[in-house]
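A.B. asks: All chains should be modelled from the sequences, with the hints used to inform the complete structure.
Sequence order for the protein chains is A and B. If you count by the numbering used here, then the first sequence holds residues 813 to 926, one letter each, in order. If you count by the numbering used here, then the second sequence holds residues 649 to 763, one letter each, in order.
Computed cross-link-like contacts, DSSO-like style, restricted to lysine-lysine with a CA-CA straight-line distance of at most 27 Å: (1) A:866 x A:817; (2) A:883 x A:817; (3) B:710 x A:817; (4) B:692 x A:817; (5) B:692 x A:883; (6) B:719 x B:692; (7) B:699 x B:675; (8) A:817 x A:868; (9) A:925 x A:817; (10) B:710 x B:692; (11) B:692 x A:880; (12) B:710 x B:699.
Simulated from the structure, these hints should not be mistaken for lab results. For clarity, every value in this text was computed on a predicted model and none was experimentally measured.
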Amino acid sequence: DQQVKQNSPSLSVQEGRISILNCDYTNSMFDYFLWYKKYPAEGPTFLISISSIKDKNEDGRFTVFLNKSAKHLSLHIVPSQPGDSAVYFCAASAGNYNNNDMRFGAGTRLTVKP
Amino acid sequence: NAGVMQNPRHLVRRRGQEARLRCSPMKGHSHVYWYRQLPEEGLKFMVYLQKENIIDESGMPKERFSAEFPKEGPSILRIQQVVRGDSAAYFCASSPTGDLLYGYTFGSGTRLTVV
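C.D. replies: Here it is as structure tokens:
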């Protein structure tokens, strides 16, 4: 059951431009969303999160937008840098902040070209 | 302050052997989670443990898989009688409180290959 979907397996962007990574979910009970970044041969690293009471959360070059009615969230990276090249996973959780059952998408591989 | 340590990084087992994957959480973290990533797929939750207790094992296959987090020592994910379909990357994550607010800290993973 794929409750979290990242439909673009890959994305290529020029350095300095905006990267937009998309994520859709089907479970209306999800109320907390996270983005992780993963480099090859390393574990995922937490990047940014958003709760369902917000529609935007910003941290430096990274902004996550949440559209609850569309069950859609996106991660914007501005400006994109070559070091941002990695696989980005979207994750969602339902219930409360202590819920351990995070569901992950399949990931989007971002390549930022110099 | 070392991060989450997983070993071995790579593990090769023949079909029918046992695989033991170890995870030492970050210092001060008493909550441990195991995830599995199959090729071309996202991370799938397997089990959530606190010291000496299994809190949620709803993602664990019913047979051959077990996990523990003893009072002393690392958490162990054990796979008995491995099959080719067990080949995957296994990631361990830890957190101090189980609170998702700041995400979990993941280890670098163990890549299990069953030949």
